[in-house]
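Engineer: Heads up: the protein sequence lines correspond to chains P and X, in order.
For the first sequence, position 217 matches number 221 in the numbering used here, and the numbering has no gaps at all.
For the second sequence, position 80 matches number 291 in the numbering used here, and the numbering has no gaps at all.
Keep in mind the hints are simulated off the structure, nothing from the lab.
Take the hints with a grain of salt, since some may be wrong.
As the list claims (entries may be wrong) - Per the computed footprint, the stretches of chain X lying under chain P, defined by three or more beta-carbons under 8 Å from a beta-carbon of chain P, are:
1. 231-242
2. 248-259
3. 276-282
4. 314-325
Keep in mind that this is a model prediction, so the values were computed, not measured.
Cβ atoms here follow ideal geometry from the backbone N, Cα and C, with glycine treated the same way.
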Amino acid sequence: MAKRSVVPFGPQHPVLPEPIHLDLVLEDETVVDVVPSIGFIHRGLEGLVSKKDYKEYLYIAERTCGICSFGHGNGYSLAIEKVMGVEVPDRAKYLRVVWAEMNRIHSHLLWAGLMADAFGFENLFYQCWRIREKILDMVELTTGGRLINSVDTIGGVLRDINEDQAKLILNNIRDIETELKAIRDTFLEDYSVQTRTRGVGVLTKQQAHDLGCCGPLARASGINYDMRVLGYDAYGMLDFEPIIGTDGDNYSRCKCRLDEAFQSIDLIRQALTKMPAGEIAVPVKGNPDGESFIRIEQPRGEAVYHVEASGDKFLDRFRVRTPTFANLAGMCETMKGAQYADIPLLVVTIDPCISCTER
Amino acid sequence: MADEKNILTVIAKEQLLESVMVMKTRGLRLSQACASYKDGKYNLSYSFAEDDNYRYETLRVVIDKDEMVPSISEFYPYADFYENEMKELFGVRIQMIKNDYHNKLYRIAVETPFLPKDEKEED
């Protein structure tokens, strides 16, 4: 009978940009069970609704995460706007799409770089992050911030994108698209990459559903849902189809995310082309009174924003269920039966965002 | 474009397991579960997503501060993360969580649960 042992993984590990702890139960080199624990960077952000009024809190919501910060601000704004019955101007909806998709591209490229680093392909890692810098430069140009943008507001957005900036973005994303193709080809066709991704960490469609997975992790297993289909912001006025995989392995997850980066480029192009002239925000007066649940598609998947308010300037409750929190069970499942040497890659493959998860 | 159908149903604590079983039988995904506290009562929300048509249904159970509530992890095993969070951070008394972390899911240095207090008056 194989010898059973428990090996701690994290919270500090070369492959982990943020801390999470896993107790790995091994039989020889095979993982048979995984027990995660979190909370090393819990900041109590949700509790701050009792300290900051609902307009100030937007800036706290944005700081839930440094990668998908625009999405968190957007989700929070949408939840408050729904409670207060605020109709956002169309131009602001398109602008939100542009920034949300820029966030998605740089998030997926960040992940691609980390993935390349995890399987020891340093040059690929450099290339992914080199392209990501170009996206961040455009985010900085249009919002003033690279990671924390603070450009969203309840009732619209705070900044516009002028004609010159729009032209520059359209030119830049054309170049980025060309460079991304080379990255995609390497990820999907290179022999040494495929040996670490093909057939590793398989999550079937049924397992992904039964474990409540979301985002590219679920879509790579063949589950067809993407919250952008709900049509929030300007997504309802743009043409796109969710990108679905079939195999549910590391390779399928790579393909799904890289294809989504191209889809985001297309959505930015559509949004900038179709964006109507007009106001970018409407004034919001009074305090929220009511409750709402809003779902949006963050780079890592479905994020749920829940707001409870009772007419006071302070909310009773704000809750964000982040995609990584929902994907923890799926991540543990992919590890069962895997070799110990594949664990770092399997952690990265769900694109974990621990800051989001712990709030 | 799908229309978001967002439904909130308030149910009694005694109906929770039966209602969750219905959701499971219908093949819905548990999207989130959370707690909030106000005026000596917990609001427990369990949200289920029907991904084919993007319908979103939330079950709401209101319980007193010291009241026990059964775990739904028998039907949705991954609910244990949500339930451990509710138990550890909010102090909700949840019975029979399948994988009970005994207040150790979050490695937090400060004492939990974060007991509710009216901090607004302090500002």
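Engineer: Each hint needs a verdict: does it hold in this structure or not?
Structural biologist: Checked hints:
| no. | hint | result |
| --- | --- | --- |
| 1 | 231-242 | holds (count 4) |
| 2 | 248-259 | holds (count 4) |
| 3 | 276-282 | violated (count 0) |
| 4 | 314-325 | holds (count 6) |
Comparing the model with each earlier hint shows a violation of hint 3 alone; every other hint is respected.
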